[in-house]
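Please dock the two separately framed chains into a single complex, following the hints provided.
In order, the protein sequence lines correspond to chains A and B.
Note that UniProt numbering numbers the first sequence so that position 27 is 27, with each residue one more than the last.
Note that UniProt numbering numbers the second sequence so that position 53 is 53, with each residue one more than the last.
These are calculated hints, taken from the structure and not from any lab test.
As the structure is a prediction and not an experimental result, all values here were calculated from the model.
For glycine and all other residues, C-beta sits at the position ideal for the given N, C-alpha and C.
Don't take every hint at face value.
As the list claims (entries may be wrong) - Pulled from the structure, derived: some chain B residues nowhere near chain A, Cβ distances all over 12 Å: (1) Gly11; (2) Ala12; (3) Ala14; (4) Thr15; (5) Arg54; (6) Glu57; (7) His97; (8) Val102; (9) Ala105; (10) Glu112; (11) Pro135; (12) Ala154; (13) Ser165; (14) Arg168; (15) Ala175; (16) Val184.
To be verified - With a cut-off of at most 16 Å between alpha-carbon atoms, the simulated EDC-like pairs for lysine to aspartate or glutamate come out as follows: (17) A/Lys64 x B/Asp185; (18) A/Lys99 x A/Glu76; (19) A/Lys64 x B/Asp70; (20) B/Lys124 x B/Asp172; (21) A/Lys64 x B/Glu71; (22) A/Lys27 x A/Asp37; (23) B/Lys124 x B/Asp185; (24) A/Lys27 x A/Glu54; (25) B/Lys60 x B/Glu71.
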Amino acid sequence: MLVLTCPYCGVAACETELAPGGEAHLKRFGPGSSDEDFEAYLFLRPNVKGVHFERWRHAMGCGKWFLAARDTATLEVFGTYRAQTSAPPPEIVAAIQAKRPDWSLT
Amino acid sequence: MSDQAVSALPGAEATGLVTVREMGLQGMVTLRADLSAAARAVQRVTGAAMPGVRRIEAGKGCSVAWMSPDELLILCDRAGADRMVFDLTEALTGQHHVAVNVSDARAMFALEGAPGGLRDVLSKVTPADMGALVPGEMRRTRLAQVPAAIWFEAEGAARVICFRSVARYVFDVLAMSARPGGAVDYH
Numbered sequence: 001m002l003v004l005t006c007p008y009c010g011v012a013a014c015e016t017e018l019a020p021g022g023e024a025h026l027k028r029f030g031p032g033s034s035d036e037d038f039e040a041y042l043f044l045r046p047n048v049k050g051v052h053f054e055r056w057r058h059a060m061g062c063g064k065w066f067l068a069a070r071d072t073a074t075l076e077v078f079g080t081y082r083a084q085t086s087a088p089p090p091e092i093v094a095a096i097q098a099k100r101p102d103w104s105l106t
Numbered sequence: 001m002s003d004q005a006v007s008a009l010p011g012a013e014a015t016g017l018v019t020v021r022e023m024g025l026q027g028m029v030t031l032r033a034d035l036s037a038a039a040r041a042v043q044r045v046t047g048a049a050m051p052g053v054r055r056i057e058a059g060k061g062c063s064v065a066w067m068s069p070d071e072l073l074i075l076c077d078r079a080g081a082d083r084m085v086f087d088l089t090e091a092l093t094g095q096h097h098v099a100v101n102v103s104d105a106r107a108m109f110a111l112e113g114a115p116g117g118l119r120d121v122l123s124k125v126t127p128a129d130m131g132a133l134v135p136g137e138m139r140r141t142r143l144a145q146v147p148a149a150i151w152f153e154a155e156g157a158a159r160v161i162c163f164r165s166v167a168r169y170v171f172d173v174l175a176m177s178a179r180p181g182g183a184v185d186y187h
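The shape of chain B in the complex, shown without the other chains (with noise of 0.2 Å):
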């Protein structure tokens, strides 16, 4: 991987009802296997559990958050994202599995602010039910045109992972939610 690699929107802030922030360079692996079968693999290597459906577990430096039902995603450093990969492939040999090192593929938002201002300014954008979304649950669902995942790192922190190629939308769509003015106070 170069070590010049840029994130989408490196710096990209905004400042409102809450503040907006593109997260930088993040280190992200996809896993496609059994996950029933692989989760000692998982385990062992991530030192986290198999997350349940939907759910978002801590691990050693890093977490393992559900996508679908044969697909993990791995939060991890940056620079230890091919490690995690090898690793992975190492843990799982035999088993029928993919693992690739998606870092460049998505970027990754922090929203910050009251939590219920917080809540507001995502519902605006997306038909998911923001109400509902407890702190370790990610939730895939749309932000206005495009795919996106969300989840609260804590009541008053959200993350927003979305396609690299469609940074610059959604930056503009989170920070055109929580634009001053636009308060609905609805959470």
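This is chain A alone, in the form it adopts within the complex (with noise of 0.2 Å):
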């Protein structure tokens, strides 16, 4: 089981609380870009096996949308921090690194 801490209320939500969203921080690709752009934007994902950043919503709670930073291969969790950024905050990076010191942020 999957327990993600929501960064608005406060609540160690359980995932099936939780409505999930896919890969966090993408760059949208909209009108006027390139069709490999495009494509990209849409449907290629790294798919990785250790640090991943995904987006969750509180569903069956305050509704909001987060951000988590977890290990898809032993679920641990790192943090999850509001959605209102373009980027991992360096508190959720440093606690990947202290976890995983091969791992940066590329």
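Have a look at this one:
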């Protein structure tokens, strides 16, 4: 079972109280972009085994979107943070690097 | 508002490990606004201090619950709900907000019984940690398959609200969880 703490209401929410929203920090390519960029934005995901940033919605709770950093293989959660950011905040990066010294934000 | 309004399950009651009872018509007003900016207006209208995260504060004849960083739920007399909306709208003039009477959108249940048994009955149908829920805190969570909010008025008295469209489902789930023979004696 995956338990993520909602950064808005502080509830340690079980996975079943949340709605998944896929990978976080995607850069949108919309009208006017090249076909390759648009395809990559829509479909191409690295699907990493290891450290991953995800969007989640506290659907059966406060209803807010938030972001989470976790390991897809071990389900270890490094932290959750507010969605109003285009890159992981420094404390999340530090928390990941404390556990995964060879990992870096690319 | 029609004076012929009926609640979702008038008079529904089930007795087992605890008593589950539909509470009838209940006034509810939802307020969405920048809560820090709306605190004074809310205090003036409801008499309640702005609730902190997940808290419920008692006001004059009503209580104010924190629903999300920009949403409050005000529980009041049903007859006073329209007045509450009017007063909030007036007190928040010039400020971006929306106050709506949602009394008919939800159903409310009372669960009464021994404090431990009450938490057991709820714990069987929600992933939320009922042992950590103290009176004065509202936990929005899941009851079996549907969203609901749970809080304790006192140690032996819980309140559950859910959407009206799933009132029968929630009542049946709670009544089944409270059926005699299902005691787990965990809490």
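These are the hints, each one checked on the structure:
Annotated as non-interface, glycine 11 of chain B keeps its C-beta farther than 12 Å from every C-beta of chain A; the closest such distance is 28 Å. Every C-beta of chain A lies more than 12 Å from that of alanine 12 of chain B, the closest at about 23 Å, which supports listing it as non-interface. With a least beta-carbon separation of about 24 Å from chain A, alanine 14 of chain B lies farther than 12 Å from that chain, consistent with its non-interface assignment. Remark: the non-interface label on threonine 15 of chain B is consistent with the geometry, its nearest Cβ contact in chain A lying 28 Å away (cut-off 12 Å).
With a least beta-carbon separation of about 6 Å from chain A, arginine 54 of chain B fails to lie farther than 12 Å from that chain, contradicting its non-interface assignment. Every CB of chain A lies more than 12 Å from the CB of glutamate 57 of chain B, the least distance being 16 Å, so the non-interface label holds. Even its closest Cβ contact with chain A, about 17 Å, leaves histidine 97 of chain B beyond 12 Å, as expected for a residue assigned away from the interface. Every beta carbon of chain A lies more than 12 Å from that of valine 102 of chain B, the smallest distance being close to 15 Å; the non-interface claim holds.
Non-interface status of alanine 105 of chain B relative to chain A is upheld: no Cβ of that chain comes within 12 Å, the nearest being about 15 Å off. Residue-level check passed: glutamate 112 of chain B sits 25 Å from the nearest beta carbon of chain A, beyond 12 Å. Every beta carbon of chain A lies more than 12 Å from that of proline 135 of chain B, the smallest distance being close to 17 Å; the non-interface claim holds. At roughly 22 Å from the closest C-beta of chain A, the C-beta of alanine 154 of chain B stays outside 12 Å, upholding its exclusion from the interface.
The beta carbon of serine 165 of chain B is kept farther than 12 Å from every beta carbon of chain A, the shortest such distance being approximately 15 Å. Look at arginine 168 of chain B: its CB is around 19 Å from the nearest CB on chain A, clear of 12 Å, so calling it non-interface holds up. Residue placement check: alanine 175 of chain B keeps its beta carbon more than 12 Å from all beta carbons of chain A (closest about 21 Å). With a minimum CB-CB distance of about 19 Å to chain A, valine 184 of chain B clears the 12 Å threshold, and the non-interface call stands.
The hinted pair formed by lysine 64 of chain A and aspartate 185 of chain B fails the criterion: a straight-line CA distance of about 35 Å is larger than 16 Å. With a C-alpha separation of about 10 Å, the suggested pair lysine 99 of chain A and glutamate 76 of chain A falls inside the 16 Å cut-off, and the hint holds. Distance check on the hinted pair: lysine 64 of chain A and aspartate 70 of chain B sit about 10 Å apart at the alpha-carbon level, within 16 Å; holds. A hinted pair counts as satisfied when its Cα atoms are at most 16 Å apart, and lysine 124 of chain B with aspartate 172 of chain B qualifies at roughly 13 Å.
For a cut-off of 16 Å, the pair hint linking lysine 64 of chain A to glutamate 71 of chain B stands: about 11 Å separates their Cα positions. Our distance criterion of 16 Å between C-alpha atoms is met by lysine 27 of chain A and aspartate 37 of chain A, whose separation comes to about 10 Å. Proposed proximity of lysine 124 of chain B and aspartate 185 of chain B is supported: the alpha carbons are some 11 Å apart, at most 16 Å. Restraint check for lysine 27 of chain A and glutamate 54 of chain A: the C-alpha separation of about 14 Å stays at or below 16 Å, so the hint holds.
Between the alpha carbons of lysine 60 of chain B and glutamate 71 of chain B the distance comes to roughly 20 Å, so the proposed pair goes past 16 Å and is violated.
Against the hints set out earlier in the document, violations occur for numbers 5, 17 and 25.
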